[in-house]
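Whenever a hint applies, use it, and build me the whole structure from the sequences.
2 protein chains.
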Amino acid sequence: MDAIQLKDYTIYLGPLQESLPGFLKQLSYSGLFVIADDNTQEHCLPRLEDALGHSNFTLIRIPPGEAHKNLDTCRQIWSGLMDRRAGRGALALNLGGGVIGDMGGFCAATFKRGIRFVQIPTTLLSQVDASIGGKLGIDFLQAKNCIGLFQNPLAVFIDPAFLETLPWRELRSGYAEIVKHSLIADAAQWERLRKLRRPGEEGWEALIAPSLHIKKQIVEADPFEKGQRKALNFGHTVGHAVEGVALETDAPLLHGEAVAIGMACETFLSGRELGLPEKDVEQITRYIIEHYGHHPLDPGDFDAYLRLMGNDKKNEGQQINFSLINPVGQAAVNRHCTPELIIESLEFYNSLS
Amino acid sequence: MDAIQLKDYTIYLGPLQESLPGFLKQLSYSGLFVIADDNTQEHCLPRLEDALGHSNFTLIRIPPGEAHKNLDTCRQIWSGLMDRRAGRGALALNLGGGVIGDMGGFCAATFKRGIRFVQIPTTLLSQVDASIGGKLGIDFLQAKNCIGLFQNPLAVFIDPAFLETLPWRELRSGYAEIVKHSLIADAAQWERLRKLRRPGEEGWEALIAPSLHIKKQIVEADPFEKGQRKALNFGHTVGHAVEGVALETDAPLLHGEAVAIGMACETFLSGRELGLPEKDVEQITRYIIEHYGHHPLDPGDFDAYLRLMGNDKKNEGQQINFSLINPVGQAAVNRHCTPELIIESLEFYNSLS
Chain D
162 MDAIQLKDYT IYLGPLQESL PGFLKQLSYS GLFVIADDNT QEHCLPRLED
212 ALGHSNFTLI RIPPGEAHKN LDTCRQIWSG LMDRRAGRGA LALNLGGGVI
262 GDMGGFCAAT FKRGIRFVQI PTTLLSQVDA SIGGKLGIDF LQAKNCIGLF
312 QNPLAVFIDP AFLETLPWRE LRSGYAEIVK HSLIADAAQW ERLRKLRRPG
362 EEGWEALIAP SLHIKKQIVE ADPFEKGQRK ALNFGHTVGH AVEGVALETD
412 APLLHGEAVA IGMACETFLS GRELGLPEKD VEQITRYIIE HYGHHPLDPG
462 DFDAYLRLMG NDKKNEGQQI NFSLINPVGQ AAVNRHCTPE LIIESLEFYN
512 SLS
Chain A
162 MDAIQLKDYT IYLGPLQESL PGFLKQLSYS GLFVIADDNT QEHCLPRLED
212 ALGHSNFTLI RIPPGEAHKN LDTCRQIWSG LMDRRAGRGA LALNLGGGVI
262 GDMGGFCAAT FKRGIRFVQI PTTLLSQVDA SIGGKLGIDF LQAKNCIGLF
312 QNPLAVFIDP AFLETLPWRE LRSGYAEIVK HSLIADAAQW ERLRKLRRPG
362 EEGWEALIAP SLHIKKQIVE ADPFEKGQRK ALNFGHTVGH AVEGVALETD
412 APLLHGEAVA IGMACETFLS GRELGLPEKD VEQITRYIIE HYGHHPLDPG
462 DFDAYLRLMG NDKKNEGQQI NFSLINPVGQ AAVNRHCTPE LIIESLEFYN
512 SLS
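First to last, the sequence lines map onto chains D and A. Okay, so the first sequence: first residue is 162 according to the working numbering, each after it adds one. Okay, so the second sequence: first residue is 162 according to the working numbering, each after it adds one.
Just so you know, these hints were derived from the structure itself, not from any lab. Here the structure is a predicted model, which means the values were calculated and not measured. Ideal placement from N, C-alpha and C gives every residue a C-beta, glycine not left out. A hint or two may mislead.
Said to hold, decoys possible - Sample of chain D residues with no beta-carbon within 12 Å of chain A, all distances over it, derived: (1) Asp233; (2) Arg355; (3) Glu386.
Stated by the list, open to error - If the Cβ cut is set under 7 Å, some of the chain D residues that face chain A in the computed set are: (4) Arg245; (5) Arg246; (6) Leu310; (7) Trp329.
This is the structure:
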């Protein structure tokens, strides 16, 4: 059992059974709610139930997937809380990936002006990314996480055992954030990742902990994303747009898959805007194609991408804002790129293979 | 020009023209949005435009009234912000009564995880009640303000000139909160109010300022409503339920009208639970009937009232929680009353006339 102490709360790393019961025991709450989707109900709830023992709880079940990370699903969650007359002393356990954590947290933080909640992330992505930062929210009109707020959970429980049931594609998606953390803040870690034969081969815990430490440092220095925290947005300006458009198709991309595409494009932009050396651009983009394959972007969607980037939260006014890197392991925030250069980066990605 | 300094922000009391321009001048923002409804657009926006001078702004107009204080109207506001590509540096001015302030504030506080907002309350109710406390939110499934959060505005501008266009019924509604403030915290002020020939006759400013000072003291001692702040809920447990049911009828009650009924019922409960002397119970309830008339409650709605009270935010579990008074000018929070006694208080109200 490992624990990472943040300013306001603790992240417990290890078997749920060893950490959660003691944590709940020292709390007083008027009702216990578990928010899960169809998948986590099947694959993860049994393990949570083991840890909860004889505690009674109400399950609020929602449909799975990013496509349901919206106001309609919030209505379902709030209605579920209302139906059981949840009071302000209620406690919510969000059992699932980023969608459940972001949306369950948002619903908890706004129900009766805020009830307490605990995050139990069950995907690699949510374990390394959503565990720190207090970002809660839902999508709105194709814009990711457009409605939301900052609020830290009471605690986070990361149990790597949940990863065992995940398909490789999901793990690869989460791994993109691990790659990102190294590229923006830890060149030595990037060198280590580059040399792994197959990420996760020797257990994910060894990759999760260093990633959390990187994110903790960045977020605690800038909790409300006024400046340097935007470094975490590397790969996400293009990535969110690609993800948003793909969401409307028959072949939606997982978040990390879209971010991988975004990192390739923004590595190109880092070369053009910041002078990131050609060999790094090549090394990083090749690594991405090797691990994530190549998903050609339809030039007919380029306008839609630009529109979505224009609505990104990190922007001021009409400018499109990027967080870029140079050298590897160091980020520069608030870099503007022209629409023409952005389109060039998309064409650059398409030219890889 | 008067100013009340709170911990996080200032309330400016006086003509908008004298305070707003200077305030905005020292701010930097990427876009200015005014959220108003059909009524405030007609009656209040011209005065705001005079104060804004040549500043450009985008108007987001929503339908008026408590019936629209819901998620659908939030969608309109968020869409309006999205359409104009509002960034995190945008500033929202909420021009209107409690609905606009609560909902516009909620939408601002959750748009892109929070943009700044300024409250310009235009009704007596919102001037004395919503100006302090940071409560933002919307109604959900008949439960008032069920979805929301605590967040203070950047500043509040109270211009009594806005009251000139208000119908007497609206003024009377706001006056209920002034009465409440005196009953829970200032017996001398209650004595003064009792002796007024007609409230507001000598200008509302003289009544607004003392009320704000009472509320400031209570809220700053307990910003997140963990304890004593619940005193402000006097009249509101029954009041919210009566308001919620009336909202669904052809004859909705204004908030303060419902609170007046609630205060009558809860004054009765104060007599029964806390021993508030009979002469005070009589004096207060007679005052309420004199000023607010008598609106018989349909016994067929009593069950619905109890259900709504059960969902009130101040409750824990199944208990229905009241803030009661004894003596006049002093409140006791977290008082539970049985459903039988609550029904008795509703029947007591019906017996008045």
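Comparing the hints with the structure gives:
For D/Asp233, the condition that its CB be more than 12 Å from all CB atoms of chain A is violated, with the nearest at approximately 9 Å. With a least CB separation of 34 Å from chain A, D/Arg355 remains clear of the 12 Å interface cut-off, as annotated. Not every CB of chain A lies more than 12 Å from the CB of D/Glu386, the least distance being 8 Å, so the non-interface label is violated. Hint status for D/Arg245: violated, given a least beta-carbon distance of 10 Å to chain A, over 7 Å.
Below 7 Å, beta-carbon pairs count as interface contacts, and D/Arg246 has one with chain A at about 6 Å; its hint therefore holds. Interface restraint check for D/Leu310: the shortest CB-CB distance to chain A comes to about 5 Å, inside 7 Å, so the restraint holds. At about 32 Å, the closest approach between the beta carbon of D/Trp329 and any beta carbon in chain A exceeds 7 Å, and the interface hint on this residue is violated.
Hint violations for this structure: numbers 1, 3, 4, 7, all remaining hints satisfied.
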